[in-house]
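K.L.:
Each chain is listed here by its residues.
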Amino acid sequence: MQIPAPFDYVRASSVDNALALLDRHGAESRVVAGGHSLLPMMKLRLARPDWLIDINDLYELDYLLVDGPVLRIGAMARHTTLLESDDIKRLFPIITDAERVIADPIVRNRGTIGGSLCQADPAEDLSTVCHVLEAVAVVRGPAGERMLSMADFHRGPYETAVAQNELLIEVRMPIRASSGSAYEKVERRVGDWAVAAAGASVTLGSDGTISHVAVGLTAVGLDRTVTEVEAVLVGQAPTEALFVEAGRLASLACDPLADQRGPIDYKRHLADELTRRVLRAACRRAAASVSEITI
Amino acid sequence: MTILEDRPTNPAAGGHDRPIGHGRMQRKEDPRFVRGKGHYVDDIVLPGMLHGAILRAPVAHARLVSIDTTEALAHPKVLAVITGADLQALGLAWAPTLSMDVQAVLVTDKVRFQGQEVAFVVAEDRYAARDALELIQVEYDVLPPVVDARKAMDPGAPVIRDDLAGRTDNHIFDWEAGDKAETDAVFASADVVVSQEIVYPRVHPAPMETCGAVADFDPIDGRLTLYETTQAPHAHRTLFAMVSGIPEHKIRVVSPDIGGGFGNKVGIYPGYILAVVGSIVTGKPVKWVEDRSENLMSTSFARDYIMQGEIAATKDGKILALRTNVLADHGAFNATAQPTKYPAGFFHIFTGSYDLAAAHCTVTGVYTNKAPGGVAYACSFRVTEAVYLVERMVDILARKLDMDPAELRLKNFIKPEQFPYANKTGWEYDSGDYEPTMRLSMKMAGYDELRREQKEKRARGELMGIGISFFTETVGAGPRKDMDILGLGMADGAELRIHPTGKAVVRISVQSQGQGHETTFAQIVAEEIGIPPEDIDVVHGDTDQTPFGLGTYGSRSTPVSGAAVALVARKVREKARFIAAAMLETRPEDLEWEKGRWFVKGDPSVGKTIAEIAMGAHGTVALPEGIEGNLDAEVTYDPPNLTFPFGAYICVVDVDPGTGHVKVRRFIAVDDCGTRINPMIIEGQIHGGLTDGVGMALMEFIEFDAEGNCLGGSFMDYLIPTAMEVPDWETGFTVTPSPHHPIGAKGIGESATVGSPPAVVNAVVDALAPFGVVHMDMPCTPARVWEAMQGRTRPPV
Ligand SMILES: Cc1cc2nc3c(=O)[nH]c(=O)nc-3n(C[C@H](O)[C@H](O)[C@H](O)COP(=O)(O)OP(=O)(O)OC[C@H]3O[C@@H](n4cnc5c(N)ncnc54)[C@H](O)[C@@H]3O)c2cc1C
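Chains as they are written, first to last, in this note's numbering: chain A, 18 to 312; chain B, 44 to 840.
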């Protein structure tokens, strides 16, 4: 049994109560959501909060709803909820694809989207997904609510714009008609963190050309979307030659490190290979959805 | 060419399943396990019990400058902090290993691997013990480490074991088997010779339950009770007596339920000794249970063999000879567990299942700044490495000769009429009939059809591979004339008592870690005595309750202890005959046995059941001369030879050409473990071992960086397979009994772990044939497979 350093524990009863507790206990207090990132770090004594503020009673943050042109996901929505949602499968198959390969059922039953985004692990899958979907993060603190684009929210590995006395409340994803999206990951074993992964979202115009596209990469040293790809794809009809070019650009844009999961050139190769695969799948799904989605 | 053809199966196998003692019965131990009522070391709570925690070295090689325990001792819940200096004063700083070396219990002079034991804290609870570790101040003078075994013997390499008088290098031993001159001569005149460096990387058994102990030393009567995670309670007791000076009759070692061993729980770890010292020092029971990282970083690893293999053959595919030079990384202390005279275990069974004209191997053991160990993880004393070497070499030869690997194997098997077969390195294989086993696996796989499918797929650029492994195991150690561990013969005892009402208790010296002993051994007695297995209690794991014997590892329980149990039951049966004769007022030779009963020849209605005889024995029947009033017996079994189970495995993989990801699509395993007792338990052992094999082949690897930091210290980094990585196992069997075992059983515990890695790797290499890949080392992770496709295979170490 791995034993964390001593800490105190309190359960928050509401969002306001959680914010008040964060304020009261100060710099060395942390909220715990699913605990699947924080607790392992505490057991290894890499994280040593004095206070744990448990937000698992905040059912008001555990929701998922289609609200006009956006999908709103509460910060406490569990991975399993996302994985099993038919709305998500229909609107954002990239999320379903990603959730299928995030950890294992035990972790997915507890881990939350809020915890995932706030942890901002470079190998974390939902950050890439949110970048690709141009999600907006709703953050609440003593001074009220802020809305942040992913570019503003996500400041780099293990770093976000959420201050110590703030909570991530909700993630909003704009719903686009005639769109398709996909995610694919290479892992050494089921439940392992990504060696590399890629996600793409594509919107097709009425003429069948790509009107909007975003490609994101996981675990290869790129904290943004592959903007280079957008310039090349927008306005073009999807073809294999374009996907190949997009893959090439993705492999150039990333900046992976060599580790036990693989050497740099392999990870660059995966950025290329997986970019091609997810663009192919996203375009296929977009074409199929042209007649399906109406908002 | 068609390799698949029907051939009559071995008549001894009978083509039928003839299990012993009620066959496929459910396991007697399972009701407690499935209800969460198993009782493990960590479940033990004694009155007044304290808790220990170990401070471990953060670096791989460093001189210990100073330790300051003041702050830790000031912690309100801490009762003692023990350092190497304290142990030195007691003469306990170093303990003997199972390989005639010594290992530091706590560092006194120098840290020799990352994770080595530096100090031991005893506190009121385990949380305080853990917290207090951070209060110990240690100063280290960091030294350059030896991480790569290939560089351990370089002139100028840092000398790791400067504690050993006169040591000037990192050399441990050189060992050889076979005839070098004869082998070299065969190689010199062979048509075809192929060579390959083959690395079996360092892996770890990673049992679900980590190691731990509860030590309870009673200062009044000087008695030590030690609850331990051990596969060998009796051997541990003897060694504790020899090291600690506590007389053996005052030591009781109890091994309760064990959550997996795989050889990880054979040795004596510093933590066990520290729990004992902690109890002596405080006068209270002390519990120590390591965490997952401690288990992975400091306890017995497996393999770490760098093998230069060479195989010689005629151009039409008759294999003539094998030779190999092995560099063995034993870590910082030579603590491998194997019979004393075999420093490389049974590696010299590397001749495999083939009839060779010559064979020769050398093994050189070296020290490195890594955790000690080497023999673990269901390896049958290094048969794992041996089988991997020969089964890879045969595949490489098949490629060179452009022959089908199944055909090459079939052509070179030892023939049934050659058994007992004396191989070129000194083994006598007890029995075998390899071809029917091989053919059955091919039939189950649909081998010819798979090859056709592969051909079509290759034409389309898809990567499908078919891998074969045919292994011969060497288990059941072992005859006292040939082997011992630290002077202890490798025998096992058994005691059987039939209670007056005909229920029984059998006491055995081996210790289950999940193998199902409480069922299998009851079934053996049931078969011999004719009472139901439910009426037979199997007692094991407590030195006060059981006869002496060397424990469970190397698949030895059924071959050795199983034989003891069969023989003790036969002894009781014979005794019952005399008592029955007295009861029936006839002569013993006039009685005949049927399961559970002696009856008068020619008059089956007159007889006595075992229960009636037991009551008679304990009752008032006038007993014949020399027969005592009980129905009990005991034996100690010294096996006349080892047993040699074998099997044919076929693995089918699909490799994603874009990512290098390997999917094991099918796995066919045909095992021959001689007489089968409980087929369900056998299949369970095989399923587990095959899963191990897929894990080793695809993902498991204890890696170190250049500074000697262990990179496999958690389950995030040391990957073990899940149900998602393995296919539905397709198992089959043949039966070739062991001629020297009382019931013909050979043992099955490690066959699948030994036999499966080469099948998986052979399949991956076969899939990569279009890229010209002839060999790749484990683990076949996506990255390493992709590198192989780029022509950049590289050894893992
Ligand atoms: C074995 C294993 C495998 C995994 N594999 C993957 C994988 O393949 N891919 C992947 O993406 N993830 C993986 N994960 C991580 C998993 O998805 C985690 O659940 C997730 O990263 C964190 O979510 P959580 O709710 O558990 O957060 P917690 O661990 O509770 O919290 C993480 C951090 O976020 C903060 N936090 C949590 N909620 C909020 C909030 N609402 N507002 C502000 N701060 C907050 C916490 O204070 C903490 O600092 C794995 C985890 C494990 C244990």
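In short, the hints are calculated from the structure, not lab data.
All of these numbers come straight from a predicted model, not from anything done at the bench.
For every residue, glycine included, the Cβ atom is placed at its ideal position computed from N, Cα and C.
Heads up, a few of these hints could be off.
[Stated by the list, open to error] Examples of chain A residues toward chain B, derived with CB under 8 Å:
{"#": "1", "residue": "23"}
{"#": "2", "residue": "27"}
{"#": "3", "residue": "28"}
{"#": "4", "residue": "32"}
[Said to hold, decoys possible] These stretches of chain B come out as covered by chain A in the derived footprint (C-beta under 8 Å, 3 or more residues):
{"#": "5", "stretch": "330–338"}
{"#": "6", "stretch": "755–768"}
K.L.:
Taking the hints in turn, state whether each one holds.
P.N.:
Okay, the hints, checked on the actual structure:
no.: 1; hint: 23; in the structure: holds (7 Å)
no.: 2; hint: 27; in the structure: violated (19 Å)
no.: 3; hint: 28; in the structure: violated (21 Å)
no.: 4; hint: 32; in the structure: violated (32 Å)
no.: 5; hint: 330–338; in the structure: holds (count 4)
no.: 6; hint: 755–768; in the structure: holds (count 8)
Against the hints set out earlier in the document, violations occur for numbers 2, 3 and 4.
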